[in-house]
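Participant: Numbered per full-length UniProt numbering, the sequence shown spans residues 1 to 403.
Wrong hints could be hidden among the right ones.
Below are the PhoX-like pairs computed for lysine-lysine, each with C-alpha atoms no more than 20 Å apart in a straight line [what the hints assert, rightly or not]:
#1 13 to 230
#2 145 to 66
#3 216 to 206
#4 145 to 117
#5 161 to 206
For the record, the hints were derived by calculation from the structure and aren't laboratory data.
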Amino acid sequence: MSGRVGDLSPKQKEALAKFRENVQDVLPGLPNPDDYFLLRWLRARSFDLQKSEAMLRKHVEFRKQKDIENIMSWQPPEVVRLYLSGGLCGYDREGSPVWYDIIGPLDARGLLLSATKQDLLKTKMRDCELLVQECNRQSEKMGKKVDSITMIYDCEGLGLKHLWKPAVETYGEFLCLVEDNYPETLKRLFVIKAPKLFPVAFNLVKHFLSEDTRNKIMVLGANWKEVLLKYISPDQVPVEYGGTMTDPDGNPKCKSKINYGGDIPKKYYVRDQVKQQYEHSAQISRGSSHQVEYEILFPGCVLRWQFMSEGSDIGFGIFLKTKVGERQKAGEMTEVLPNQRYNAHLVPEDGTLTCNIPGIYVLRFDNTYSFIHAKKVNFTVEVLLPDKASEEKIKQLGGDTPK
Numbered sequence: 001m002s003g004r005v006g007d008l009s010p011k012q013k014e015a016l017a018k019f020r021e022n023v024q025d026v027l028p029g030l031p032n033p034d035d036y037f038l039l040r041w042l043r044a045r046s047f048d049l050q051k052s053e054a055m056l057r058k059h060v061e062f063r064k065q066k067d068i069e070n071i072m073s074w075q076p077p078e079v080v081r082l083y084l085s086g087g088l089c090g091y092d093r094e095g096s097p098v099w100y101d102i103i104g105p106l107d108a109r110g111l112l113l114s115a116t117k118q119d120l121l122k123t124k125m126r127d128c129e130l131l132v133q134e135c136n137r138q139s140e141k142m143g144k145k146v147d148s149i150t151m152i153y154d155c156e157g158l159g160l161k162h163l164w165k166p167a168v169e170t171y172g173e174f175l176c177l178v179e180d181n182y183p184e185t186l187k188r189l190f191v192i193k194a195p196k197l198f199p200v201a202f203n204l205v206k207h208f209l210s211e212d213t214r215n216k217i218m219v220l221g222a223n224w225k226e227v228l229l230k231y232i233s234p235d236q237v238p239v240e241y242g243g244t245m246t247d248p249d250g251n252p253k254c255k256s257k258i259n260y261g262g263d264i265p266k267k268y269y270v271r272d273q274v275k276q277q278y279e280h281s282a283q284i285s286r287g288s289s290h291q292v293e294y295e296i297l298f299p300g301c302v303l304r305w306q307f308m309s310e311g312s313d314i315g316f317g318i319f320l321k322t323k324v325g326e327r328q329k330a331g332e333m334t335e336v337l338p339n340q341r342y343n344a345h346l347v348p349e350d351g352t353l354t355c356n357i358p359g360i361y362v363l364r365f366d367n368t369y370s371f372i373h374a375k376k377v378n379f380t381v382e383v384l385l386p387d388k389a390s391e392e393k394i395k396q397l398g399g400d401t402p403k
């Protein structure tokens, strides 16, 4: 049995009744705590009464702490309203709201330099409440229960800039908040125009998602428009995505409903860096260098680094070893990222590199040009692996899927 209203086993019916009894003290403070609502929490914890109750009670505290009841009257900062991409646009064939996330133009770094992380998370919580309210309106309009949404992730333009660690960590926090407080609200999620980098990006966030959520993700290929229209009527899909819907002024992207983001002007910046924590440090003598090695076993992995120096600038470059098992000088290795001097004592540096060739990659911090000063460098380096299942899916779909 699916564990949904009208499809419950005797044991599940008994669990629902017991669950309602156990949490009756908090139900009056929740919006519309009907059987559909309670079953979401039970399904999310496989009908384990103790775990379901703990989850719901934690959610009640979350609603109080974040003042969720009044969140719709709160307005996000201007920069977030203008540049946080995404939006509600149309309904699927069963009446569920459809939400679009537009990844490529999203300036994650600019957002975190222009707004607080808490404001960004609060904005996404506000979006979740908007979708809950829209489901309720659809339920009344259609005369049947609508309590889940369809999502479309437009991954065109997904690039290395989106793998910036503070951005990934913030997105991970958001996913955890959704899993903990809006369980079983996702009907299906379509990933369209996924580039070859998608498996790496997905691997960074998939551990924030429940197995049930992961199973609802569909990575589509070149026929994505055709697939979308199987689930959503053409008049509910923007022309940009293969349907017939436009804005009143004829805009095919329906920009009145979907925010397409964009690069954030620096006039909005309120800080010049996001505070980082580093895993390693090295004292580099004058006229010397410090090398760290990372073995890349197969193509498609991504090196991600962050570093800062203390007191003065530092050189940095990446090389590929030509001989295994011995230290090589820079001139003896293949240069992958040219050595440059960075003012990392003023602004921390970070970056990513897609490794197309297996081998030993050397990240080299260079102080050979300094004959007077030793340098201290704090750094974090990670090897980001692709998610194998989605990588195989991308290969089957032909790599970078066309529009």
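Participant: Each hint: holds or not?
Facilitator: Verification of the hints:
1. A hinted pair counts as satisfied when its Cα atoms are at most 20 Å apart, and residue 13 with residue 230 does not qualify at roughly 34 Å.
2. Between the alpha carbons of residue 145 and residue 66 the distance comes to roughly 27 Å, so the proposed pair goes past 20 Å and is violated.
3. Using a Cα cut-off of 20 Å, the hinted pair residue 216 and residue 206 holds, with the two alpha carbons roughly 12 Å apart.
4. For a cut-off of 20 Å, the pair hint linking residue 145 to residue 117 is broken: about 34 Å separates their Cα positions.
5. Distance check on the hinted pair: residue 161 and residue 206 sit about 19 Å apart at the alpha-carbon level, within 20 Å; holds.
Hints 1, 2 and 4 from the list above are not met by this structure, while the remaining hints are.
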